[in-house]
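K.L.:
Top to bottom, those sequences are chains A and B. Just so you know, we're using UniProt numbering here: the first sequence kicks off at 1 and counts up by one. Just so you know, we're using UniProt numbering here: the second sequence kicks off at 1 and counts up by one.
Hints were generated in silico from the structure; no laboratory data involved. Wrong hints could be hidden among the right ones.
Same chains, same names: a pair is fine if it fits in one copy or spans any two.
[Unchecked claim] Straight-line alpha carbon distances no greater than 25 Å define the calculated SDA-like cross-link-like pairs of lysine to any residue that follow: (1) K238 <-> A62; (2) K238 <-> D318; (3) K78 <-> A108; (4) K78 <-> A59; (5) K238 <-> A313; (6) K78 <-> A196; (7) K238 <-> R97.
There are 2 protein chains.
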Amino acid sequence: MTRVLREVRRFAAARPGPGVVAVSGGADSVALLRALHACGSPLFVAHVNHRLRGADSDADEAFVRALCAALGVACRVKSVDVAALAAGDNLESTARRVRYAFFAEVAAEAGAAWIATAHTADDQAETVLHRLIRGTGLQGLRGIASWRAGGVSPPSSHKPSPDNAPPSPPSSDEGSGSLGGLMPPARRGIVRPLLAVTRADVLAHLAALNQPHREDASNADTRFTRNRIRHELLPLLKTFNPDVVSALAHLAEHAAEAHEVITTAATELLTNAERPRAGATIVLDAGTLTAAPRAVVRATLRVLWDREDWPVANMTFDAWDRAVEIAAHNASACDFPGGVGVRRVGRVVQLTRRV
Amino acid sequence: MTRVLREVRRFAAARPGPGVVAVSGGADSVALLRALHACGSPLFVAHVNHRLRGADSDADEAFVRALCAALGVACRVKSVDVAALAAGDNLESTARRVRYAFFAEVAAEAGAAWIATAHTADDQAETVLHRLIRGTGLQGLRGIASWRAGGVSPPSSHKPSPDNAPPSPPSSDEGSGSLGGLMPPARRGIVRPLLAVTRADVLAHLAALNQPHREDASNADTRFTRNRIRHELLPLLKTFNPDVVSALAHLAEHAAEAHEVITTAATELLTNAERPRAGATIVLDAGTLTAAPRAVVRATLRVLWDREDWPVANMTFDAWDRAVEIAAHNASACDFPGGVGVRRVGRVVQLTRRV
Chain A
1 MTRVLREVRR
11 FAAARPGPGV
21 VAVSGGADSV
31 ALLRALHACG
41 SPLFVAHVNH
51 RLRGADSDAD
61 EAFVRALCAA
71 LGVACRVKSV
81 DVAALAAGDN
91 LESTARRVRY
101 AFFAEVAAEA
111 GAAWIATAHT
121 ADDQAETVLH
131 RLIRGTGLQG
141 LRGIASWRAG
151 GVSPPSSHKP
161 SPDNAPPSPP
171 SSDEGSGSLG
181 GLMPPARRGI
191 VRPLLAVTRA
201 DVLAHLAALN
211 QPHREDASNA
221 DTRFTRNRIR
231 HELLPLLKTF
241 NPDVVSALAH
251 LAEHAAEAHE
261 VITTAATELL
271 TNAERPRAGA
281 TIVLDAGTLT
291 AAPRAVVRAT
301 LRVLWDREDW
311 PVANMTFDAW
321 DRAVEIAAHN
331 ASACDFPGGV
341 GVRRVGRVVQ
351 LTRRV
Chain B
1 MTRVLREVRR
11 FAAARPGPGV
21 VAVSGGADSV
31 ALLRALHACG
41 SPLFVAHVNH
51 RLRGADSDAD
61 EAFVRALCAA
71 LGVACRVKSV
81 DVAALAAGDN
91 LESTARRVRY
101 AFFAEVAAEA
111 GAAWIATAHT
121 ADDQAETVLH
131 RLIRGTGLQG
141 LRGIASWRAG
151 GVSPPSSHKP
161 SPDNAPPSPP
171 SSDEGSGSLG
181 GLMPPARRGI
191 VRPLLAVTRA
201 DVLAHLAALN
211 QPHREDASNA
221 DTRFTRNRIR
231 HELLPLLKTF
241 NPDVVSALAH
251 LAEHAAEAHE
261 VITTAATELL
271 TNAERPRAGA
281 TIVLDAGTLT
291 AAPRAVVRAT
301 LRVLWDREDW
311 PVANMTFDAW
321 DRAVEIAAHN
331 ASACDFPGGV
341 GVRRVGRVVQ
351 LTRRV
């Protein structure tokens, strides 16, 4: 049995479906479709023709339609001129929005319990590397979530519960574009059964079935950073350790689990530390923060920033550290990006956004 | 004021000394010595001549002696034929043992509160990269500790307390040698004031003082992986982000803080879950483990393994995951490296080492 089939069987046993499979026609999604189909999961395929590569895009669509017909699987296709739709906005994020909206539409129509995308450990490694290079904490290190919370339960019992899962990427990722395609906006019931499987495993699975596939659009991708990670950095890392992709994927898993623990503790700390608001000013008890571990204080501020919808895009490592110093260790007041002022006044910490 | 001086001032204000500075004569340690000296900390320099590079080693020693004389700082030198002493054992770990034992000796003689080593953010980045490539969890991602618990208090109030600090590296690092020089065995009161400072900052500091230094032995190092990380991988990463060293150093800091939180929770979970031993068999309440987050269960097993002194060297990601599955989710029994058997029996988990 191939690695792909083993992983997908495990998934299918826990999540019988019906489900929607997002299929581009590339190796990863074709392997996922074939494996889910082999497991007998009731399926609906969703394919989006972004019309970005002319005849090639149409050939991808025709390939997916033919494959579905051969397998006897329902196929829903949306064809949309994404370039026209984006009209100067970020093309990749527009395409992603269109794609996931269509998947959700098909899922609703099919009464599906989940939407499966074919992200692999290689995608995970690229995402993790991209964030490592750019700078990331635990939150970003989680990479692509193996499932995305929503109206459905997680794929297996030991995964974090939907209530605790904080699946959104650090906001500095929003619109960065370079690896954006790997991190869609939060949707209900997205699952990624191949996240522990490498691209080599995928190709082995297809070879075993003698199953052709289309050249993945993202492989011909001209987005600079992602391509360099895939074609320069990962090959170099593999000369150190041929299994580096799995190593990075494992680390992302550990980071996700650790982040869950810290975020749970942070939510609790915020509840304990928060005092009644003074007008628009948020008031926290300083002593409660000072007594807590630094990682939890940092996460608490993050939870607060998110809850208040304060901008985090320009909150650097140093900015968060500075905020922790004020909140927990009485450093002098500071204004943060987005006009959020933090200051210590006697025994409390006051946070206000200047509007 | 240079970055080096700023960081060292902050350190010196919190930890007045007297202190021991480990000085090889290389750029990092010379910069550290000059900065600590400028801050007026009462100092003792410790230098080990490993006699591994003939006249070069002796010239290093002479350089350090002359520098100390010029600064009016006491200088203690130990000259030892490390190659003869190692006698076939790992040379690097023997040298490290000799070095840190001598530092501790000088510290005792001087009544020093701390022993400062000159590891920089570059050393940190190399260590983190090495572990990322080889495969690591949160514990290894912490890299080099900015201080090492012992009979002294941590360098600043917001650092984790010595009681909670788990400073020993993952045991898979022990004796691996390739980056071993960066991770000495646990000692009392080791501090690393330059861990947030890059090598470029160090060179800028020396240039500002017009202070020469010896070529660092580790730069001429022939240890393969470390050299390739320094001379191939890091330069490539810097083409993505010139600040990648700081990004990795920050991440290590976050990992250390998160690891502390998880380890604290794990110690607590172990206390709650443990039942009286049945002979040599350790007995844990399964329900208590099942209710805990996966990251904490994994850390709890790690704490237990360490406490029992069971071998962890061959415990891979998958092995730990398997142990978690048995302990918390009733997977079938398994024997782990070192002969540790884990099995679920009714409502308890039994762990025994076959001897």
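K.L.:
Each hint: holds or not?
P.N.:
Do the hints match the structure? See the list:
no.: 1; hint: K238 <-> A62; in the structure: neither (36 Å within a copy, 43 Å between copies)
no.: 2; hint: K238 <-> D318; in the structure: between (32 Å within a copy, 20 Å between copies)
no.: 3; hint: K78 <-> A108; in the structure: within (15 Å within a copy, 75 Å between copies)
no.: 4; hint: K78 <-> A59; in the structure: within (14 Å within a copy, 74 Å between copies)
no.: 5; hint: K238 <-> A313; in the structure: between (33 Å within a copy, 23 Å between copies)
no.: 6; hint: K78 <-> A196; in the structure: neither (29 Å within a copy, 51 Å between copies)
no.: 7; hint: K238 <-> R97; in the structure: neither (33 Å within a copy, 32 Å between copies)
Checked against the numbered hints given earlier, this structure breaks hints 1, 6, 7; the rest are met.
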